[in-house]
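Undergrad: Produce the complete structure using the sequences and hints provided.
Residue numbers (my numbering), protein chains in the order written: chain A, 22 to 167; chain B, 884 to 981.
To be clear, the hints were calculated from the coordinates, so they are not data collected in a lab. Possibly wrong hints are sitting among the right ones.
[To be verified] Calculated cross-link-like contacts (lysine to aspartate or glutamate; reagent style DMTMM-like; alpha-carbon spacing at most 20 Å):
id, chain 1, residue 1, chain 2, residue 2
1, A, LYS88, B, GLU960
2, B, LYS965, A, GLU90
3, A, LYS150, A, ASP166
4, A, LYS150, A, GLU90
5, A, LYS106, B, GLU960
6, A, LYS106, A, GLU151
7, B, LYS939, B, GLU960
8, B, LYS939, A, ASP67
9, B, LYS939, A, GLU65
10, B, LYS939, B, ASP973
11, B, LYS977, A, GLU90
12, B, LYS939, A, GLU71
13, B, LYS970, A, ASP166
14, B, LYS980, B, ASP952
15, B, LYS939, A, GLU113
16, B, LYS939, A, ASP166
17, A, LYS106, B, ASP952
18, B, LYS970, A, ASP46
19, B, LYS970, A, GLU90
20, B, LYS939, B, GLU955
21, A, LYS106, B, GLU946
22, A, LYS160, B, GLU966
23, B, LYS977, B, GLU966
24, A, LYS88, A, GLU71
25, A, LYS66, B, GLU946
26, A, LYS150, A, ASP68
Since the structure is predicted, the reported quantities are computational estimates derived from the model, not experimental observations.
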Amino acid sequence: MFPSLGLLTGILTGLVAKLGVRGLDKYGYLPQSTYVNRALKALEKDDLDEAIRNYRLATQKRKSTSKTEIAHEIISQAIMIRVAKLQARVDEIEALLHPPILSVLYWRNLLPRHRNDLAELQREQDGFKEAIAVLQRLKEQLIEDA
Amino acid sequence: MSKLIKTTAAGGVGFLAGLLLEQGLESVTGLDFVDGLFAVSGSILAALSVNRELVKAASRNIEQMFGKDPLEISEQEWRQFKEVNPKTADWLEKALKI
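TA: Here's what the structure looks like:
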């Protein structure tokens, strides 16, 4: 009634391999390039948290190499590009919300019917500012890890 | 003939018992045993393709920075990129033999 020895050995090998790889992976013992690769893949999917987490794992147990340094630069640059895009949008909204006093837009903004639109823009701008702050924090984390 | 039938039956029972045990262990531990072996090969493959990923990621950054294909950027734009990303630019120059 017992399963064959071959099957049990296969299951045991699979179990040991799975647990072993999971443990090695979790504590940063897999090849450094594996984590660098994962960080870059995460960056491609716009997942900065995952990219930074993998970058940290890459440098946690081993010394920085040219590949990790390049990955660091690439991730930092990707963060700065996002910050620049968000900042451009914040500036754009700022110009709409606070136009010069001598412009038509300034007087138009005073009309009650535009109040809702302006409030919506303000909320959008606040959201972008918050996103910029999060990205800046991520960048600082990355600098600390380097 | 009866020996053959007995062996086949024992093998079948053993296979089913093993399958049940594997399924049971998988449902209890949440682990896919076969996946463990694939994870090793996956990590090795990932390690091997890191250079290609670095080039791809760097070119995506260039594309987002200048809004055009990396092959279309001017000398001045390349210098600008190099100023911000010196290590990446040096590595790209060596890797792509620019």
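Undergrad: None of the hints should be skipped; say for each whether it holds.
TA: Hints versus structure:
no., hint, result
1, A:LYS88 to B:GLU960, "23 Å, violated"
2, B:LYS965 to A:GLU90, "14 Å, holds"
3, A:LYS150 to A:ASP166, "25 Å, violated"
4, A:LYS150 to A:GLU90, "29 Å, violated"
5, A:LYS106 to B:GLU960, "18 Å, holds"
6, A:LYS106 to A:GLU151, "14 Å, holds"
7, B:LYS939 to B:GLU960, "18 Å, holds"
8, B:LYS939 to A:ASP67, "14 Å, holds"
9, B:LYS939 to A:GLU65, "9 Å, holds"
10, B:LYS939 to B:ASP973, "15 Å, holds"
11, B:LYS977 to A:GLU90, "15 Å, holds"
12, B:LYS939 to A:GLU71, "18 Å, holds"
13, B:LYS970 to A:ASP166, "17 Å, holds"
14, B:LYS980 to B:ASP952, "18 Å, holds"
15, B:LYS939 to A:GLU113, "31 Å, violated"
16, B:LYS939 to A:ASP166, "23 Å, violated"
17, A:LYS106 to B:ASP952, "18 Å, holds"
18, B:LYS970 to A:ASP46, "27 Å, violated"
19, B:LYS970 to A:GLU90, "7 Å, holds"
20, B:LYS939 to B:GLU955, "16 Å, holds"
21, A:LYS106 to B:GLU946, "13 Å, holds"
22, A:LYS160 to B:GLU966, "18 Å, holds"
23, B:LYS977 to B:GLU966, "16 Å, holds"
24, A:LYS88 to A:GLU71, "18 Å, holds"
25, A:LYS66 to B:GLU946, "16 Å, holds"
26, A:LYS150 to A:ASP68, "19 Å, holds"
In the structure shown, a violation is registered for the earlier hints numbered 1, 3, 4, 15, 16 and 18, in ascending order.
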